[in-house]
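Line by line, the protein sequences are chains A and B. If you're matching positions, the first sequence starts at 1 in my numbering and goes up one per residue. If you're matching positions, the second sequence starts at 1 in my numbering and goes up one per residue.
Just so you know, these hints were derived from the structure itself, not from any lab. Do not rely on the hints blindly, as some may be mistaken.
[What the hints assert, rightly or not] What follows is a set of in silico ranges between Cβ atoms, one per label pair, in the way DEER data are often shown:
| no. | chain 1 | residue 1 | chain 2 | residue 2 | range |
| --- | --- | --- | --- | --- | --- |
| 1 | A | Gly-71 | B | Gln-62 | 39 to 49 Å |
| 2 | B | Ala-163 | A | Gly-11 | 26 to 36 Å |
| 3 | A | Gly-71 | B | Gly-222 | 47 to 57 Å |
| 4 | A | Ser-126 | B | Leu-281 | 26 to 36 Å |
| 5 | A | Pro-87 | B | Arg-203 | 30 to 40 Å |
[Unchecked claim] Below, in silico cross-link-like pairs of lysine to any residue (SDA-like), each with a Cα-Cα straight-line distance of 20 Å or less:
| no. | chain 1 | residue 1 | chain 2 | residue 2 |
| --- | --- | --- | --- | --- |
| 6 | B | Lys-78 | A | Gly-56 |
| 7 | B | Lys-78 | B | Arg-103 |
| 8 | B | Lys-293 | B | Pro-233 |
| 9 | B | Lys-78 | A | Thr-44 |
| 10 | B | Lys-78 | A | Arg-138 |
| 11 | B | Lys-78 | A | Arg-147 |
| 12 | B | Lys-78 | A | Arg-81 |
| 13 | B | Lys-78 | B | Ala-65 |
| 14 | B | Lys-293 | B | Gly-265 |
Using N, Cα and C, we set each Cβ at its ideal position, and we do this for glycine too.
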Amino acid sequence: MSQPIRLTVNGTDLERSDLDDAERLLDTLRWRLGLKGTKEGCRTGDCGACTVLVDGESTLSCLTLTREVEGTRITTIEGVRGEPAGPNVLTAFGAEPALQCGYCTPGFVMALTGLLQEEGSTHRTSNLVDELEGNLCRCTGYRSIIRAIGALGDELR
Amino acid sequence: MRVYLASVATDGKANSHALARPPVTFSFVQPTSVEAALRAVGTPGSVAIAGGTDLLLDFDNQRIAADRVVSLNGLPWKHLTRAGGRLVVGSTLPLRRIELDPRVAVDLPGLYQSVHAVGGVPLRHRATMGGNLVRASPASDLLPVLLALEATVHIVGAYGSRASSLDDFLRGSRSVDLAPGELIESVSVPYPAPSAYVWQRVRPAKDISQVGVAVARVPGAGHWNVALGGVVPRPIRSPSAERHLTRLRPKAEEITRAAEAASEGVAFATDRRASEAYRHLLVSVLVRRALDKAIPPEAPS
Ligand code: FES
Ligand code: FES
Chain A
1 MSQPIRLTVN
11 GTDLERSDLD
21 DAERLLDTLR
31 WRLGLKGTKE
41 GCRTGDCGAC
51 TVLVDGESTL
61 SCLTLTREVE
71 GTRITTIEGV
81 RGEPAGPNVL
91 TAFGAEPALQ
101 CGYCTPGFVM
111 ALTGLLQEEG
121 STHRTSNLVD
131 ELEGNLCRCT
141 GYRSIIRAIG
151 ALGDELR
Chain B
1 MRVYLASVAT
11 DGKANSHALA
21 RPPVTFSFVQ
31 PTSVEAALRA
41 VGTPGSVAIA
51 GGTDLLLDFD
61 NQRIAADRVV
71 SLNGLPWKHL
81 TRAGGRLVVG
91 STLPLRRIEL
101 DPRVAVDLPG
111 LYQSVHAVGG
121 VPLRHRATMG
131 GNLVRASPAS
141 DLLPVLLALE
151 ATVHIVGAYG
161 SRASSLDDFL
171 RGSRSVDLAP
181 GELIESVSVP
191 YPAPSAYVWQ
201 RVRPAKDISQ
211 VGVAVARVPG
221 AGHWNVALGG
231 VVPRPIRSPS
241 AERHLTRLRP
251 KAEEITRAAE
261 AASEGVAFAT
271 DRRASEAYRH
281 LLVSVLVRRA
291 LDKAIPPEAP
301 S
């Protein structure tokens, strides 16, 4: 039990006093807030399935203490439509479709949305693919994901 | 067949991981002044956390335990400044910020390349230079280039502050010269410096380097500095390669001799990523590649 903690999750301001100090953002989102769209693939920083946006920056929620992100604005896959680049990324992934089982998809969508919104990063397709190396997919063979990214890289200049 | 379903609870009572391993517990503080942070980390049972991307794995694997975690993210140590010919990187600045700085890729290409080699973007949004130094993994992608750049580590303690060369600071595998209660405030390197970092991995993405090689030309050194990562127990400079590299644009045979000599007398691990013999071979190839990448082109006459 600890100090109350304030977070803004998908546009909603929350104050919770039931979090553990050692709690990971991934567990807060999934188990306290019921936002199961954020996936746990490895819990060791290797797969990217747990990626969310913290103040717009892609972040591995499995390796982030919830207390470290106190006062920030968190966006999960459930709220990605509210991010400037979110709707386009969803459309590109859906049109392809760039998924099979979909387990990796929330992580890809959040990481890509973050990249497209990040100042200073280049949005050429080759860069975007390179910058998503932290996201693993066990199903698609990546071709469809790369095609979806290609569509975005071309459109969102 | 037994199907195990983690209990799906949204009331905060159940967490499947609590079943899988003993829960990690500690209390968390985030001081906002350096004095308070030094007091907090000086208290027995405390451990400092910056990005946490490496440290939290140790908690999960029960390699460490602590009563209290002291976050350094409330301190004014997220700067990237230039003064007196040196680039100063605040210890808790996320690596991604170094990479996105428009000048770093130009002035210190080796530093840029090494930062880019760490994890993926979401990891680099949290992982820090200070954390990488304190954790001192033999496989670190940052340490070779910082050694080649003759980096200085700026340390604060309750007594005041001190500076140490990175070479002195690194003691062994995951062991550094940092007393309990001391913290790294920043790391500085001279700039601009022609430099490069190249690595070899089992697969290019999301793995630890088998070997990494950094080269850099810093003022006053009189030769190219060459540093090797993936070495046990810690990344090191390679004087036997550096001897051959006094010219800014070494001759082809000098590069060959440096590449051959680079791993002389160096101990590498044999592990699941590579054998020691293979690592020796890699070093000679990578020294050549790093120099090819770093040596400035002949000025047009
Ligand atoms: S669950 Fe976080 S990176 Fe895999
Ligand atoms: S679609 Fe199944 S893991 Fe990517």
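Given pair status - Pro-233 of chain B, Lys-293 of chain B, alpha carbons within 20 Å: Between Lys-293 of chain B and Pro-233 of chain B the Cα gap is close to 27 Å, so the pair fails against 20 Å, i.e. violated.
Just to be sure I understand the hint, the distance between the Cβ atoms of Ala-163 of chain B and Gly-11 of chain A should be within 26 to 36 Å; is that true here? violated (46 Å)
Does the alpha-carbon distance linking Lys-78 of chain B and Arg-103 of chain B stay inside the 20 Å limit? Holds: Lys-78 of chain B and Arg-103 of chain B sit about 17 Å apart, inside 20 Å.
Decide if the proposed pair is consistent with the structure: Lys-78 of chain B and Ala-65 of chain B, CA atoms, cutoff 20 Å inclusive. violated (27 Å)
Within a Cα-Cα threshold of 20 Å, do Lys-78 of chain B and Arg-147 of chain A meet the stated pairing? violated (37 Å)
Kindly confirm whether 30 to 40 Å is satisfied by the beta carbon distance between Pro-87 of chain A and Arg-203 of chain B. holds (33 Å)
Indicate whether the distance between the beta carbons of Gly-71 of chain A and Gln-62 of chain B respects the range 39 to 49 Å. For Gln-62 of chain B against Gly-71 of chain A, whose Cβ atoms are near 31 Å apart, the range 39 to 49 Å is violated.
Does Lys-78 of chain B pair with Gly-56 of chain A here, judged by a C-alpha cut-off of 20 Å? holds (18 Å)
Keeping to a limit of 20 Å between CA atoms, is the pair of Lys-293 of chain B and Gly-265 of chain B held or broken? violated (25 Å)
Holds or violated: Lys-78 of chain B and Arg-138 of chain A, Cα atoms, limit 20 Å. Violated, at roughly 36 Å.
Given hint Thr-44 of chain A paired with Lys-78 of chain B - CA-CA distance at most 20 Å: Answer violated: Lys-78 of chain B to Thr-44 of chain A is near 25 Å, above 20 Å.
Does the beta carbon distance between Gly-71 of chain A and Gly-222 of chain B stay inside 47 to 57 Å, or does it fall outside? For Gly-222 of chain B against Gly-71 of chain A, whose Cβ atoms are near 51 Å apart, the range 47 to 57 Å holds.
Of the hints listed earlier, those the structure fails to meet are numbers 1, 2, 8, 9, 10, 11, 12, 13 and 14, in rising order.
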